[in-house]
Every structure is written in C-alpha cells, then in structure tokens.
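All chains should be modelled from the sequences, with the hints used to inform the complete structure.
Protein chains: 2
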Amino acid sequence: MINKYSQIILGLDPGLANLGYGVIRKEGNQLTFLNAGVIKTSKKQGLTQRLLMIHKQLIKIIKKYKIDSLAIEELFFAKNVKTASVIGQVIGSLILTAALKKLVVYQFTPLEIKQTLTSYGRAEKSQLALIVKLILRLKTDLIPHHATDALACAICCAQKSPWTKN
Amino acid sequence: MINKYSQIILGLDPGLANLGYGVIRKEGNQLTFLNAGVIKTSKKQGLTQRLLMIHKQLIKIIKKYKIDSLAIEELFFAKNVKTASVIGQVIGSLILTAALKKLVVYQFTPLEIKQTLTSYGRAEKSQLALIVKLILRLKTDLIPHHATDALACAICCAQKSPWTKN
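Protein chains in written order, with the working numbering: chain A, -9 to 156; chain B, -9 to 156.
Because the hints were derived from the structure by calculation, they are not lab data. Just so you know, not all the hints are guaranteed correct.
No copy labels: a pair is met if it fits in one copy or bridges any two.
Unchecked claim - Calculated cross-link-like contacts (lysine-lysine; reagent style DSS-like; alpha-carbon spacing at most 30 Å): (1) K34 - K72; (2) K34 - K150; (3) K54 - K72; (4) K150 - K33; (5) K92 - K46; (6) K54 - K123; (7) K129 - K92; (8) K150 - K53; (9) K46 - K91; (10) K54 - K34; (11) K53 - K91; (12) K46 - K56; (13) K115 - K129; (14) K30 - K56.
Shown next, in the form of structure tokens:
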C-alpha cells in the first residue's frame, strides 16, 4: 500500500521534436522508477498540431500514473531568440496543461539539476546518466538521453521540493 | 444578419504582464471593431497561475465573441534568451488554448503586420495606431497601445488569410 506521503513526479526535458519524460515515485527517501520515454512530433505538422499532440500525450501520462507534480527543465541556454522562443512555447503549453490538471509545477535549471544529483555543477552528460541509473536502480542502458534528462529533473525535484503546494 | 462568410478574428500582442487583445469582424472587405483591451497579470503571482489566468480570460473572450481565428504577433526580437523564453511560454499557452477550442491559429511577424497595413515595413508605432484607427473607424484615442498592436495583428490576418482551415 502506498502511504500518504508518496508522491508521483513527472520530469520533462522540453523539446518540440523530442520531449523527454520520466515518471518516478518518492516514498520517504526511496525513489522508484515508473516509466520514461520520448514524445515525438513531426516537422510535417504545424506548430499548433504539435503542441496539441504533446498536450494529449501528457494528459494520458498524468492520468495513467496519477501525477502529483511536474518538474520541467528550464531553458537556460539557446542558440538564438528563435530557438528560445520555440522551446518557450513548448514549456508554456506544458505548464498550462499541468495547471489545468491542478498539478504543482517546478522548474529547475540544468545547473541546479546537475548540482543536486552530483554535487558538481559541471558534470558530463554521461556521468549524470550513470547517477540516474544508480539512484533509480535501473538495469538497462536503453533509456534515450532525453528521457534520462527528464528523470534527472524528476529526481532533482524529489530531492529539493518541500511538497508544499503554492 | 451575419452572412456565412463573416469571420471573427481575435488578434493578440503576447506579453506576460500586459497581453493586448483586439476583436474584429470581417464581412467581405468590411472590417468592424468589436472590442479591445489588455489582460494584465501580477508579478506577485507565479508563472503557472499567470498563464492559467490568461488562459481563462482568453476562453471568456473566445466564447463571448464566438471567435473563429486567432492571430498572434510572433516574437521577432528579444533582449535576451530569458525574455524570448518567457514570451514564448505565453505564446505556447495561447496556441494550446486556441487548439483546445479548435480555432485556426495564424502567426505574423511585426514586419508582416506593418507591411500589410502600411505597405511600408518601417512604419512608426504612432503611424500604425493611426491606420488601425482609420481602418476600424474608431472615434477614441483611449485604446492602450498593446490593444492597438493586437488590433493591427487581427487586421493583418483579415487581409492575408485565405480562410482555409488547416
């Protein structure tokens, strides 16, 4: 039986073509892997349809795993204004989706995530992936890197959040 | 009676603190002003609550005026990645709101809007405001500039769109 302090966290690594997601359960200090993957949308579709598709997939995940909190990796660096705006549009639609489902939303910078997981802000992608694997006791190397980033964000959220709704 | 070729267009000038909106009706070549204003959100609230508030206000406008199409001014220039990302987040939640209400969404750059309304891409803000006033036969100078920009975007949409749903 899941105790009342159990929380289900959905971590997201936002992107329009590839959006990584990772679902974990936090019970006390114990973190458990539930699922992870990548929501993909095609360049052949317009932006509106792509955002709508992401929204629908997200709703499915939120319902299936009874998500309590959403942890989104914040955009920290972008090649240019255009890229920042597109990723921003994805993040905006993710936040609105979460708000409509009354989830608590947290955002973390890549640096916060790295520091929380490794105590070392400049950790390489491969080190971070290894730590995610160790923390969640994963036995596979087959998790796509967008999903690994999403799991890292969810773990960061689990370790930092006070679980007070705002 | 409104003929079947009548279209109601909602133009938006996206911003988090001040989001300009303008509603016009297009019947043949005739454009009619219906409403305009600014949706304001407070810095005291978190981003999630601000996006949710904008979403709710937008839904009210969409229902009240039976909006057919949404015309959003595209982000073209931003001071930095952070600003671009925040405006992007507002645009993303606007597009998702429109998609959930099955509206057609158009985006226009500031240059496209200026060129369509003035045949001169480098028109000043004040010139554009005067043209908006003339086209819509407005008798007031009291429309806020964010709302004027939103009306300009709606007029651009009315003049450019083929009205084919995609």
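When no copy is named, should K34 and K150 be tagged within, between, both, or neither for a Cα gap of at most 30 Å?
-> between (39 Å within a copy, 23 Å between copies)
If the cutoff is 30 Å on CA atoms, where do K53 and K91 land: within, between, both or neither? Let me know, please.
-> For K53 and K91, the Cα distance is within 30 Å both inside one copy (9 Å) and across copies (21 Å).
Should K46 paired with K56 be assigned to within, between, both, or neither, using CA atoms and 30 Å as the limit?
-> both (15 Å within a copy, 24 Å between copies)
When no copy is named, should K150 and K53 be tagged within, between, both, or neither for a Cα gap of at most 30 Å?
-> within (24 Å within a copy, 41 Å between copies)
Indicate which option fits the pair K54, K34 if close means a Cα-Cα distance not exceeding 30 Å: within, between, both or neither.
-> within (29 Å within a copy, 34 Å between copies)
Intra/inter-copy verdict for K92 and K46 if alpha-carbon distance must be at most 30 Å = both (16 Å within a copy, 14 Å between copies)
Can you tell me if K150 and K33 fall within 30 Å by alpha carbon in one copy, between copies, both or neither?
-> Classified as between; 24 Å across copies, 36 Å inside a copy.
Between the shortest in-copy and the shortest cross-copy C-alpha distance, which are at most 30 Å for K129 and K92: within, between, both, or neither?
-> neither (33 Å within a copy, 43 Å between copies)
Taking 30 Å as the upper bound on the Cα-Cα distance, should K30 and K56 be classified as within, between, both, or neither?
-> within (22 Å within a copy, 33 Å between copies)
30 Å Cα cut-off: does K54 pair with K72 within a copy, between copies, both or neither?
-> neither (34 Å within a copy, 33 Å between copies)
With identical chains treated as interchangeable, where does the CA-CA distance between K46 and K91 reach 30 Å or less: within a copy, between copies, both, or neither?
-> So K46 and K91 pass the 30 Å test inside a copy (12 Å) and across (14 Å) alike.
Evaluate K34 and K72 at a C-alpha cut-off of 30 Å and name the case that applies: within, between, both or neither.
-> Close inside one copy (19 Å) and across copies (28 Å); limit 30 Å.
In the structure shown, a violation is registered for the earlier hints numbered 3 and 7, in ascending order.
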